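Residue numbers (this note's numbering), protein chains in the order written: chain A, 662 to 773; chain B, -15 to 135.
Derived by calculation from the structure, the hints in this document are not laboratory data.
Predicted model, so just to flag it, every value in this text is computed and none were measured.
Positions of the beta carbon are idealized from the N, C-alpha and C atoms, including for glycine.
Any given hint could turn out to be false.
[What the hints assert, rightly or not] Covered stretches of chain A, going by a simulated chain B footprint (3 or more residues, C-beta under 8 Å): (1) 667 to 675; (2) 713 to 720.
[Unchecked claim] Listed below are several chain B residues computed to face chain A (Cβ distance under 10 Å; list not exhaustive): (3) A4; (4) E22; (5) E25; (6) A26; (7) C35; (8) R107; (9) N108; (10) M118.
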Amino acid sequence: MEVTREKHGDSVLLVIAGQIDMYSSPELRAELTAALESGSKRLVLDMEKVEFIDSSGLATLIEVLQKLRGSEGKLRLSNLSSGVLAVFELSNLDQLFDIRATREEALQDDPA
Amino acid sequence: MADEVRGIRVSIPSHPRFLAPVRDLAAWSAEQAGFGREDTEAITLAVTEGCTNVIRHCYGGKHNERIDVDISFSTRALTIRIDDYGTFVDPASIHSRDLDEVRPGGLGVHLMQQVMDQVRYERNAWGGTSLTLMKHIQGDDHVLRSGELDG
């Protein structure tokens, strides 16, 4: 799994590629934690190249979401494949996370 | 004519780095059996959750224990059996959690139950747990490939 980080205004965009499971979740957690510690409260994940996610990956994302909510931050997921989205839906997490169709949509500011 | 059963069996260490190759084997088996993309993804998810639970709960995260994964398929169904050599876990204590409770963890059993037609825990011959996951091949998702299996 690979994660690259980009700054977009007030947001940090993390582009994730590969498979997210028990093996790679710690690395994802470290990357997300580093992004939070950089001071950003708006994280956007581009998951177009995420081929697989399991409950370990979901748990990592829930942890980050809970941390951000505690500091009034935001987490948006974007570009989920149908297979990855299905895992969120099976877990009833598609309603919990802010999931957008495209990276651009996810990076847009909320309407005033 | 009897439904011919094909399969593959591997033993892996209880290290998470081996989850990906087990997924690849499960995906290959699912495709050979004639499952479509969605069901193949479901099967790879289920086998990953099953093995992850063994590593985390049965072996307490130790990476040098043994997990056996047996994947067999016919024209009717694909069955995955995951055996560990730890202490048998009472199936009554294994249950998916309430999804209304939002917290990390506890989703693996739920996901297996959602995507597979059968999820069964039994004591195996070595005193550990045998987890059997089965998915039927049905409907339009089935591509008749029985001729290709002989290739």
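Now the hints, each set against the structure:
1. 667 to 675: violated (count 0)
2. 713 to 720: Result for this restraint: holds, n = 6.
3. A4: holds (6 Å)
4. E22: Nearest chain A Cβ about 7 Å off; hint holds.
5. E25: holds (4 Å)
6. A26: holds (8 Å)
7. C35: holds (9 Å)
8. R107: violated (25 Å)
9. N108: violated (22 Å)
10. M118: violated (18 Å)
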